[in-house]
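In the order they appear, the protein sequences are chains E and C.
Quick note: the first sequence uses our numbering, first residue 449, plus one each step.
Quick note: the second sequence uses our numbering, first residue 9, plus one each step.
Among these hints, one or two may not hold up.
To be verified - Result set (BS3-like, lysine-lysine): computed pairs, CA atoms no more than 25 Å apart in a straight line:
1) C:Lys35 with E:Lys519
2) E:Lys505 with E:Lys463
3) C:Lys52 with E:Lys453
4) C:Lys52 with E:Lys490
5) C:Lys79 with C:Lys35
6) E:Lys453 with E:Lys490
7) E:Lys463 with E:Lys506
8) E:Lys490 with C:Lys35
9) E:Lys505 with E:Lys453
10) E:Lys516 with E:Lys505
11) E:Lys453 with E:Lys519
12) E:Lys505 with E:Lys519
By construction, these hints were calculated from the structure, which means they are not laboratory data.
Residues per chain, in single letters:
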Amino acid sequence: QQQVKQSPQSLIVQKGGIPIINCAYENTAFDYFPWYQQFPGKGPALLIAIRPDVSEKKEGRFTISFNKSAKQFSLHIMDSQPGDSATYFCAATTGNQFYFGTGTSLTVIP
Amino acid sequence: NAGVMQNPRHLVRRRGQEARLRCSPMKGHSHVYWYRQLPEEGLKFMVYLQKENIIDESGMPKERFSAEFPKEGPSILRIQQVVRGDSAAYFCASSQQRGTADTQYFGPGTRLTVL
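Let's have the full structure, built from the sequences with the hints guiding it.
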């Protein structure tokens, strides 16, 4: 059973566009929601994270929107660049374990 | 401050051999997590360890797989009698403390290929 559902599976945008990646969860015990960026052949790297007591968090061009009542959160990438092309994973955690989404492959076309 | 280190980066084994994957956590981190990633899939939790203790191994197959994190030295993920289905990228992550809001930092992974 997938604890965190992520969509879309892949996404193609033009440079300067705003790709949006969505995640949904069921377990209300989750209390920390990080996003990871992974380039081919590399390990996932933390991008940005949010706690459920905050509805939005922005770091540079990356923004997380969090809707606690809907149990959904999303990643927005402003002014996307070709260098943002990577796979993005959302995650949710409580206690020991992180549960990861299945990933979104983002391609930003120059 | 060195990040999480994993070795080898690539490992090739024939069916029936043993695979040993090593992970050195970030300095000051005493919590280690192992994940498996199959092509086109997300990360699947395998096991969570602290020094000398296995805290949660609920994601690890009951047979052929084992993990340890000794008092001295790296954490080891051991796969005995490997099969083709074990081919995957294995990632180790470490964190400073247990519990909520403590970020896991990932190593570069070990890519295991079983011939």
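Here is how each hint holds up against the structure:
1. C:Lys35 with E:Lys519: violated, 35 Å
2. E:Lys505 with E:Lys463: holds, 23 Å
3. C:Lys52 with E:Lys453: With a Cα-Cα distance of about 13 Å, the restraint between lysine 52 of chain C and lysine 453 of chain E holds, given a limit of 25 Å.
4. C:Lys52 with E:Lys490: holds, 16 Å
5. C:Lys79 with C:Lys35: holds, 14 Å
6. E:Lys453 with E:Lys490: With Cα atoms ~23 Å apart, lysine 453 of chain E and lysine 490 of chain E stay inside 25 Å; holds.
7. E:Lys463 with E:Lys506: Holds. Lysine 463 of chain E to lysine 506 of chain E sits at ~20 Å (cutoff 25 Å).
8. E:Lys490 with C:Lys35: It holds: about 20 Å lies between the C-alpha atoms, which stays within 25 Å.
9. E:Lys505 with E:Lys453: Roughly 21 Å separates the two Cα atoms, so the pair holds.
10. E:Lys516 with E:Lys505: holds, 14 Å
11. E:Lys453 with E:Lys519: holds, 11 Å
12. E:Lys505 with E:Lys519: Distance ~16 Å between lysine 505 of chain E and lysine 519 of chain E Cα, so the pair holds.
The structure is inconsistent with hint 1 alone, although it conforms to all the rest.
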